[in-house]
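Asker: Okay, here's what each chain looks like letter by letter:
6 protein chains.
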Amino acid sequence: MTVIVGFGEMLLRLKSPGAERFFQSPQLEATFGGAEFNVLASLSHFGYDTRLVTALPAQSIGAAARTELQRHGIAPGFVVAAPGRMGLYYYEAGSNLRGAQVIYDREGSAFATAAAGVYSWSGVLDGADWFHVTGISAAVSASSAKAMTESMAQAADKNIPVSLDLNYRKHLWDRAGRDAASVMVPLLDHVTVLFAGVDDAVACLDIAPPPEGTALEQFRTVAQQLMARHPRLAVVVATFREARSADDQSIWAAAYDGTDLLVTEPLVLRDIVDRIGAGDAFVAGYLHGTFCGRSILERLAFALSADALKHSIPGDVNLVTIPEVKAVMHGHDPGRVKR
Amino acid sequence: MTVIVGFGEMLLRLKSPGAERFFQSPQLEATFGGAEFNVLASLSHFGYDTRLVTALPAQSIGAAARTELQRHGIAPGFVVAAPGRMGLYYYEAGSNLRGAQVIYDREGSAFATAAAGVYSWSGVLDGADWFHVTGISAAVSASSAKAMTESMAQAADKNIPVSLDLNYRKHLWDRAGRDAASVMVPLLDHVTVLFAGVDDAVACLDIAPPPEGTALEQFRTVAQQLMARHPRLAVVVATFREARSADDQSIWAAAYDGTDLLVTEPLVLRDIVDRIGAGDAFVAGYLHGTFCGRSILERLAFALSADALKHSIPGDVNLVTIPEVKAVMHGHDPGRVKR
Amino acid sequence: MTVIVGFGEMLLRLKSPGAERFFQSPQLEATFGGAEFNVLASLSHFGYDTRLVTALPAQSIGAAARTELQRHGIAPGFVVAAPGRMGLYYYEAGSNLRGAQVIYDREGSAFATAAAGVYSWSGVLDGADWFHVTGISAAVSASSAKAMTESMAQAADKNIPVSLDLNYRKHLWDRAGRDAASVMVPLLDHVTVLFAGVDDAVACLDIAPPPEGTALEQFRTVAQQLMARHPRLAVVVATFREARSADDQSIWAAAYDGTDLLVTEPLVLRDIVDRIGAGDAFVAGYLHGTFCGRSILERLAFALSADALKHSIPGDVNLVTIPEVKAVMHGHDPGRVKR
Amino acid sequence: MTVIVGFGEMLLRLKSPGAERFFQSPQLEATFGGAEFNVLASLSHFGYDTRLVTALPAQSIGAAARTELQRHGIAPGFVVAAPGRMGLYYYEAGSNLRGAQVIYDREGSAFATAAAGVYSWSGVLDGADWFHVTGISAAVSASSAKAMTESMAQAADKNIPVSLDLNYRKHLWDRAGRDAASVMVPLLDHVTVLFAGVDDAVACLDIAPPPEGTALEQFRTVAQQLMARHPRLAVVVATFREARSADDQSIWAAAYDGTDLLVTEPLVLRDIVDRIGAGDAFVAGYLHGTFCGRSILERLAFALSADALKHSIPGDVNLVTIPEVKAVMHGHDPGRVKR
Amino acid sequence: MTVIVGFGEMLLRLKSPGAERFFQSPQLEATFGGAEFNVLASLSHFGYDTRLVTALPAQSIGAAARTELQRHGIAPGFVVAAPGRMGLYYYEAGSNLRGAQVIYDREGSAFATAAAGVYSWSGVLDGADWFHVTGISAAVSASSAKAMTESMAQAADKNIPVSLDLNYRKHLWDRAGRDAASVMVPLLDHVTVLFAGVDDAVACLDIAPPPEGTALEQFRTVAQQLMARHPRLAVVVATFREARSADDQSIWAAAYDGTDLLVTEPLVLRDIVDRIGAGDAFVAGYLHGTFCGRSILERLAFALSADALKHSIPGDVNLVTIPEVKAVMHGHDPGRVKR
Amino acid sequence: MTVIVGFGEMLLRLKSPGAERFFQSPQLEATFGGAEFNVLASLSHFGYDTRLVTALPAQSIGAAARTELQRHGIAPGFVVAAPGRMGLYYYEAGSNLRGAQVIYDREGSAFATAAAGVYSWSGVLDGADWFHVTGISAAVSASSAKAMTESMAQAADKNIPVSLDLNYRKHLWDRAGRDAASVMVPLLDHVTVLFAGVDDAVACLDIAPPPEGTALEQFRTVAQQLMARHPRLAVVVATFREARSADDQSIWAAAYDGTDLLVTEPLVLRDIVDRIGAGDAFVAGYLHGTFCGRSILERLAFALSADALKHSIPGDVNLVTIPEVKAVMHGHDPGRVKR
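Chains as they are written, first to last, in the UniProt record's numbering: chain A, 1 to 339; chain B, 1 to 339; chain C, 1 to 339; chain D, 1 to 339; chain E, 1 to 339; chain F, 1 to 339.
Hint data in this document are derived by calculation from the structure and do not stem from the laboratory. On a predicted model such as this, the values are computed, not experimentally measured, just so you know. It cannot be assumed that every hint is accurate.
Any copy will do: because identical chains look the same in the list, a pair fits if it lies in one copy or spans two.
What the hints assert, rightly or not - Computed list of lysine-lysine pairs in DSSO-like fashion (alpha-carbon distance at most 30 Å, straight line):
| # | residue 1 | residue 2 |
| --- | --- | --- |
| 1 | K158 | K146 |
| 2 | K170 | K146 |
| 3 | K338 | K146 |
Could you put the whole structure together from the sequences, leaning on the hints where they help?
Answerer: Rendered as structure tokens:
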């Protein structure tokens, strides 16, 4: 079975109930998430063999996070129990004209404070078919950035393809006081598949803002520059979103492979349940298409359908199977009750 | 007061909370439903005298189902306490592009295993003004099919009009290993009012698929064949649905009375809360119109409004009164708060 | 800091959970509301110094209401502990074609039965910059109407501007058996800012129904008559609503200042969470614009954005800050997650 | 089947969740209760034919109360829909050294304000085998006291035995401003079975406080006086309670039949779940014993076991069957899981 | 790491909330359990490598059960996806004098209907250090009894020690219509460690009822007979329970090893949270002691402490670690908050 | 009104629901606590004028904490909005033999990282009648220890009495890497009322372990040493606890005033709901007795009753009034329902 390894932080997610603002009720919905964990969990629900390399606190909350890994079928054997706290984020969902709010609280976490050397990359990558990382780990702390750099270099050495989801978090970089571009740009030399939108690429990849134009034209311009600068890159992929309200949006996706710009039709999402993790669901979908040897357009279509489904599911993780994604991709009737 | 008798199985309905997939939380919303029960409960809320003939397990869960009958004002005196389990179904609501899912778990239930002879039809039908059944009872088990056949024959003998909601459940028939048409077609000879869509009629009533055409044309073709073959039939009624998403749909209805095809305007349903039982709400509405001596078009309009309201109410049962249905039928302003 | 005083009743709000009809579950969501309280709470969240003059029962439920005042930062020192019960209302939210339902249960409340003389207006209004009342207090009881009259006269004497939200509640006036116009019209002589729609003005302000025309033309006609009759009035303000369903509506606002009719663009509200208190949120927004010296059109735009946000928040109170309202006013992207 | 009629008010019961004080969470558990309703509901679960004569508000909350009647199998046909509000009470459970708190809010209710003449006693009592009332209805309002007086006189005329649970509520009588004894004492002339403790009898039955002595001696003294004064009385029954904490108590019962004082052994109740309605459960148990022709001691033992079981069940109503009560009476092992 | 294999059915556990009777609220707590699963889950939380051999339905509910296996760290690779339903049980907790109630609903389950041949025992037992079964699997169906027989014989052949928890369920055997003793007695020839109380042994192991005496004397007599008849048996173990109420009980344990009767001190359990699965927690504790090479008395002490802890945890599974069990065993202060 | 100032950190409290272990359900009960906040909140519910000096994060969670201050009537004007996160703790309640567990997560909090100089003590203490601190603030960080030292010195200068609750948290001091005694001992020179048990005093106050003896004898020995060394101390107070289980305990209290050892009777607490904050409730009770000029024994009795009541209330805060505490102190019947 294809083995996918990811590296990144798990977070406790504390959400106010339903559409409530924080602390209207003395309750928080408490689940787990994290960009890389989300991607692996989704791939695990697709049937892949997945491993998360991470550090978790050596107490009950860290143990619960590890249990959550197991629940989603991700191999728990690559978790380092470390000092430090559980990173977390507070989440308040948006509704009609009120946007959603995320408050990160991850400083001092076991992952952020773990020394780069605690991970034994050569063992970890042994037998791996793919390695996935995101820009968040580069931003979290100097030591996590160092570990990420090391891991990507080793993967490249072993000819394991690496995917990187840029996931630019201005807030984290500002706090860190490090220059995002000087960390991120060198990493791209190890990357085969890059997930990056125009604004994020401009913000942290030392890319000139594209000239005025449509979103797709701008994306192509940016992708061309990136592929020119980083020859290992096989494809740059991005998703696009148009919001009529916090609950009613359209999404579509595009990829540039150095030659062609492939673009999907948009999907309309009404009555959105939870959009956190939708980008990670997209990544997992795209990687699945890649592992199956689909065309780039087919990968995008599958990934966008996975992304769409995530909007219907509470929590960070895209709890869907391959047939469920395919049903959306093939335009099934969402109003039919499957009996 | 008009007395309506129904025959069919009550089911425990186990639904994952809100928009969650199964077992995201260790909770299930636990209510009761069942096509015939739903129709009677709705009629009871309209003020009618209703009786459900059924078998329930002779333990606490069966007792709770009986309590639920009472709560909705349905006479509990026609329930047979029997061996066997409580039939149930698991329900996961859909959301935007993710469709809903129902998993039936009704094999071996008290209703399925009760011998046809446990019901004393002549007493049950005594004083009845109407008898309602659905195709589900014919599919559940050979003995329930036998009981249903007997009951319909006796009702016809007593000149009690019989309505039948086809409710074709392929899954149940497949499991049963019996041929649906050979069971269902003879039953139609006792039926006055038939609720049946085109696909279902073709699937289990030994009717030729209609030629290409609009949905309404096809419905008329099918209804004509049925009325020709079963002279007792006074009307064939169907509802139609167009789904933009699991939450945003339009519904309309049509009836063929042997001469005319009557059709309603569509109603637009945004932010659907729960569509299970909407067809049963429609049937109850149509029967009410019939009992009141309304025109077929008026019956359809009332029934469609009842159907629409069901989409706004959690659970299987349409908890609405006649004035509430009429308000929708007369185009009240849904944005007004009634104080 | 600007000091705003309000006079009116707090109510316990008992809502069936989610989209349920009353008592589907043996639970009621239990929060507090009341038109004047809602306005002050919103102004308090905007940073103003607010005081609610009211009477609450001298038992644990009254104490809880007082705690709620404190929670929102409203000065609790102007509450009179009195005999009588806690006024309350039952609330069942609407959904798609089913409208919402409010059942008032406020007769015999501490507020309704408190003698007009229990409030010491001169102390209460000491240092006040603004006084806000609604037509509800005039309807609740003869003694509350008397207290309201007294308070408005004293405020006028002290040159404290008075705003009045007409909030015509037919049901309350009918129960009271008093003629609304004979109570309300004299009060308008003390009012500077009036919030009143056309239908309500006609119903209780002894104003002739306007000739046929657009909603805005009719509003101008009514406002002109009121301003002519009550020279202290500086502006008459109204909101308008168009409902596609209980969940999907558009709102806009207008004001007439004696010369010009100012009108906002409409805002579209999809997937409405809770519209109770939206009018009060509007009033608070308008008053804030007034206190800041904004133009009337700017006041309306801010107020309408506040009104819109309330539709996204469960409960009576608009739990939003000034920057959040401004973001909506300036057309922020509601689909963006603020991190 | 034995037919028992009761007369009294149903109340909405609003309880803070679990062991919380009021409004720690914005939730109230919302069920229905009322002394007479509780007795009938329990008898209905024992299999009796029961009828509640009462008045409920002609709106949705009253309708829900009526639904609750049906759910417990009490005939709803004797309910008068009337103007006025739904009577209610707030309930905060006690825990260890903190006692429970009930706040009544029943003034102005449909029951309290219904004219005595709205009930047609002759029809109501037609076919009745027993009539049950409590002292609460005498206290609620002058009109309910009048209706109660009328009903008891008619029952006595028809030779229907009447049971009265004294249920002295000082708070209600104080509010009412009427002298309890002058209302209650004449009523006793119609009563066959009286449930009354020593303190309550002294407080409202114009009985001299008994001389110092044990609780049982004092009870005998009081019962003797009552039976001497009211020759129709066949038995006076009382329960006794000793509390180690709000959760850990012992209960026992006694009856005086004019000759003997019968006394049960105490039952120890640890981890009490809900003691509201325990007295009503006792009454229902005692009446069942009476209807079965048991000895007084057997009636007490059954009644005390029913009383004990109520302490294990949330809500006002004793949701137990006769076999379950008998199991306790016969000393079953409460630690055994019944499979 | 020690590898423990178990064979048995997983069940969906549907519990009424808190101390409620069934369906007081329209909710059921929905978790998973099953005697063998519980033992393995507890051992997995102790750090062992565990495998459950079972059949689960090939639909979403079966998939959720499998997820639950993973969550507790049990290897999911030995699950057979099969036709048939999910076995389940309804559970109503007891409280003070009201005993708990379990209603099994497991007929027709995937496990019950799976052919004995679907399990490949030789692969399953490969590398196993211990094999655990219970008498429940022998009772569920003829095919599960056959599979169990086969598996035990193979384990014995491979010299893998087998533990058997008798877990006599009269209800299941009665339904099955098979003679328990004729199935169970031959199985004992393969068993090394037997968990069995006196009553159960007499009921299904063809053992003569012991003469009058203390519980411990009777246990010794029974154990002696069993060990004489089944020479492979190394030890017979039993737990004892004395209940003051459903919430307040004492437990202790004993074992007979052919020579000595070892007995623990009792542990007092107040305010019991959930006693389901306590016996399975005991078994897991005993096996752990065995794997560690402790004395029988130490095994019993550890097992009883694990058993005690289970009473404090909701659900079937004993979510405790070895240090937590040891703390109880060593008499830690349960009133201290561990910070 | 007496004005009490406190200095210390507020914490978000995240508790697993009911008796569940962490993350059995994806929910956390989310309230606020903190030793000094708890004391002030309790005093505020007693009617005092209270002020909390603290630092809270300048984001929505900090704002919610501030709202919580207001809710309990604590003046919010002394809160500094600062960078840094919200300190929090995870709490898992114990049950029978399983002890409770608290996991602190307060490093890097706004309070811990705020510079000592952000508080303007002279303004803060202006008008204060009492100043309360705990040893926790000395342990949290060097800067909070410095702020605490400064504040106590200033209070002493202004002759404002200072109370100190030792609250030794080994875990915090270990993490901090500072020597507790070297920080704490000098602070005692400013303290008038000290709350400290024997073990804590020995652990962090540089006091020799007392010779063997009863708990009370040891307490007297320790208190004597402290009072000899710190002449400003007027009294040393301690509580004692004996636990039969996590739910069933006894508590009592003692004080040494330099001459006499005053000791209360024990109170038995069955079915404990929540013991967190009980010590803070005791402190608030003792201070109230002090402010009222009661004897030391009366102060202890009132304080112990307040402490006892806290065990019946979920959350950190003792939501009780003075009359409620007095009722316990005077031995009211906890089994009586107050109507």
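Asker: Each hint needs a verdict: does it hold in this structure or not?
Answerer: Now for the hints, and whether the structure bears them out:
1. K158 with K146: For K158 and K146, the Cα distance is within 30 Å only inside one copy (18 Å; across copies 50 Å).
2. K170 with K146: Within. Shortest intra-copy distance 19 Å satisfies the 30 Å Cα cut-off; inter-copy 34 Å does not.
3. K338 with K146: between (48 Å within a copy, 28 Å between copies)
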